[in-house]
Amino acid sequence: MTQSVWSKIGTVVGAALILIWCLLPVAWIISLSFKSQEAVINGSPGFLPKSGGGAGFSNYKDVLTDGDFLLAIRNSIVVSLGATLLSVVIATLAAYAIARLEFRGKRFVLTTALVIAMFPVVSLVGPLFDMWRTVGLYDTWWGLMIPYISFTLPLAIWTLSAFFREIPWEMEQAAQVDGATSWQAFRKVIVPLAAPGVFTAAILTFFFAWNDFVFGISLTSTENARPIPAALSFFVGQDPFNRPASLLSAAAVVATVPVVVLVLFFQRKIVAGLTAGAVKG
Amino acid sequence: MSHAAAIAPRDSDRARAESSLGRRLVTPAIVLMLLVTAFPMLRALYLSLFDYSLTAPDDKEFVGLTNYWTALSDSLFWRDTANTVGIMIVTVAFELVIGFAFAMVMHRIIFARGAIRTSILIPYGIITVVSGFAWQFAFSNTRGFVNGWLPFVSDDFDWFSQYPSSMIAIMASEIWKTTPFMSLLLLAGLAQVSDDMIEAAKVDGASWWQRLWRVILPNMRSAIMVAVLFRALDAYRIFDNIFVMTAGANNTESISFLTYKQVIEQFQLGIGSALSVLLFLSVLVVAFVIVKLFRVNLADARQEA
Chain A
1 MTQSVWSKIG
11 TVVGAALILI
21 WCLLPVAWII
31 SLSFKSQEAV
41 INGSPGFLPK
51 SGGGAGFSNY
61 KDVLTDGDFL
71 LAIRNSIVVS
81 LGATLLSVVI
91 ATLAAYAIAR
101 LEFRGKRFVL
111 TTALVIAMFP
121 VVSLVGPLFD
131 MWRTVGLYDT
141 WWGLMIPYIS
151 FTLPLAIWTL
161 SAFFREIPWE
171 MEQAAQVDGA
181 TSWQAFRKVI
191 VPLAAPGVFT
201 AAILTFFFAW
211 NDFVFGISLT
221 STENARPIPA
231 ALSFFVGQDP
241 FNRPASLLSA
251 AAVVATVPVV
261 VLVLFFQRKI
271 VAGLTAGAVK
281 G
Chain B
282 MSHAAAIAPR
292 DSDRARAESS
302 LGRRLVTPAI
312 VLMLLVTAFP
322 MLRALYLSLF
332 DYSLTAPDDK
342 EFVGLTNYWT
352 ALSDSLFWRD
362 TANTVGIMIV
372 TVAFELVIGF
382 AFAMVMHRII
392 FARGAIRTSI
402 LIPYGIITVV
412 SGFAWQFAFS
422 NTRGFVNGWL
432 PFVSDDFDWF
442 SQYPSSMIAI
452 MASEIWKTTP
462 FMSLLLLAGL
472 AQVSDDMIEA
482 AKVDGASWWQ
492 RLWRVILPNM
502 RSAIMVAVLF
512 RALDAYRIFD
522 NIFVMTAGAN
532 NTESISFLTY
542 KQVIEQFQLG
552 IGSALSVLLF
562 LSVLVVAFVI
572 VKLFRVNLAD
582 ARQEA
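Heads up: the sequence lines are chains A and B, in that order. So that you can map any letter, position 177 of the first sequence is 177 in this note's numbering, and since no number is skipped, the others follow by simple counting. For this note's numbering, count along the second sequence from 1 and bump the result up by 281.
Since the hints were made in silico from the structure, they are not lab data. Note that the Cβ used here is the ideal one computed from N, Cα and C, for glycine as well. Mixed in with the good hints there might be a few duds.
[As the list claims (entries may be wrong)] Not close to chain A: a few residues of chain B, all C-beta gaps over 10 Å, as computed:
{"no.": "1", "residue": "W350"}
{"no.": "2", "residue": "S354"}
{"no.": "3", "residue": "L431"}
{"no.": "4", "residue": "D476"}
{"no.": "5", "residue": "D485"}
[As the list claims (entries may be wrong)] Cβ-Cβ distance ranges computed for the label pairs, FRET-style:
{"no.": "6", "chain 1": "B", "residue 1": "A487", "chain 2": "A", "residue 2": "K8", "range": "19 to 29 Å"}
{"no.": "7", "chain 1": "B", "residue 1": "Q491", "chain 2": "A", "residue 2": "V177", "range": "47 to 57 Å"}
{"no.": "8", "chain 1": "A", "residue 1": "E102", "chain 2": "B", "residue 2": "R394", "range": "31 to 41 Å"}
Using the sequences and the hints, build the whole thing.
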């Protein structure tokens, strides 16, 4: 009896700690984005804006009228959505083969995916920088999309093949018995059943592309292709200890909005996808 | 006999058709994955044998293994490797313990399940650069709140003025952002431990601690090992947080940061490529050590059904 009371108290306290852990830094950056730039420069320690140190929405106004930052938002959206779309299409084909077909080389695909998932991306920055400049992909959307697609394929393939394994075999076979080819069985029977899995893979891929920093700073040099994380780090000069904190925070909040929206709407799918990719179901 | 012979070719035709469809379906994925990794890695291997700087591209000169010797005999390389390994061990240890505690809470909680899982995904989804900024500002002595909240730290203590405290700040940001991921992986592993088994142990008089160590943890071993492998190799690549929070000041460089600096900031493609190759090899070594040390089942990590 006492044990179960203690365990309930422990769970409640634990839940509170999780919420504080996850939301405190977010609350902090939101609070910072409402501090005035003068107050921040003059030194304004403390969590909440002090009286007189608030800025209302002026930081947000400045950020959303900053041409370079708007271009970075555009770049991030185009590159992330483009990479997501292509990665998911390619991964769907591969995952179907892995989950449903017997073929030589399956292990090779899975091993490649594992190696890519662990690859130290920075070690590619040099050669890619060199290659992209030679072939004209440096500082372009495609120059970012191609590495994003490659590096999100393992997670997308795992998530999707885990979903595909859950789909009942018999339906595909029934379709084939009714005269459908392997391809028709795939397109007409499996795709609709797999749509939720595809969607999950798409969200995880989008997160990766939206988050990426290494490729973003290495393979771009101007507003033509520079995505949000790189733009944030270039916001002001090279001195990492003296940045316009409140302005940057406003930009960071803007950049975080899509993530929060996706999480709020698709929490279940994201959790399912992350864990389907890691634990055999 | 003749009957079997008549069937066999049809079967193998079908198997061959399936095999060929399978290979065709995975080809685009394989080509893209290799195009962006294997091919550039081979190029790095080639470039690493030259004294090659983009600031003087015409002076490209074959130097054999000199670049590797230069890197390996430089204490900077070893210092940064030590930093990276240190960050990897400390962050993964914290993430494992905190992540497991979070997973236990999420596993047992009945109310507000959705709200908890939604909020735990926010650090996971947030841009690492944003997390780095948030924590850098939080630790700042002129505009942060950490000094005011910690009782044993003076209000004007500058976290970024020296090595140990800078590392703490970097690791705080890293741990904050990645613990939720760890906890979700562990939660999935926890869900696979059968309640009957835990109940049986309880009936047999096992204490909470015994149930944890003798029943729960051994039964989710493979989930833990895969999570550790993935997170450790991810931590080994640490770059964003260091770039944003200290830019390598006070000896806080990681091996990724060193490589980036040589290639992109100083255009030293020769030595930079040698560092890229060494970084790749060191990841292989770290992966090998983890797989051997913790006896990770690679079939699990590969997601084989």
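Here's how the hints hold up against the structure:
1. W350: 19 Å, holds
2. S354: 20 Å, holds
3. L431: At roughly 12 Å from the nearest Cβ of chain A, B:L431 sits farther out than 10 Å, so the non-interface label holds.
4. D476: 14 Å, holds
5. D485: 16 Å, holds
6. B:A487 / A:K8: 19 to 29 Å: 20 Å, holds
7. B:Q491 / A:V177: 47 to 57 Å: 54 Å, holds
8. A:E102 / B:R394: 31 to 41 Å: 40 Å, holds
This entry satisfies every hint, going by the numbered hints stated previously.
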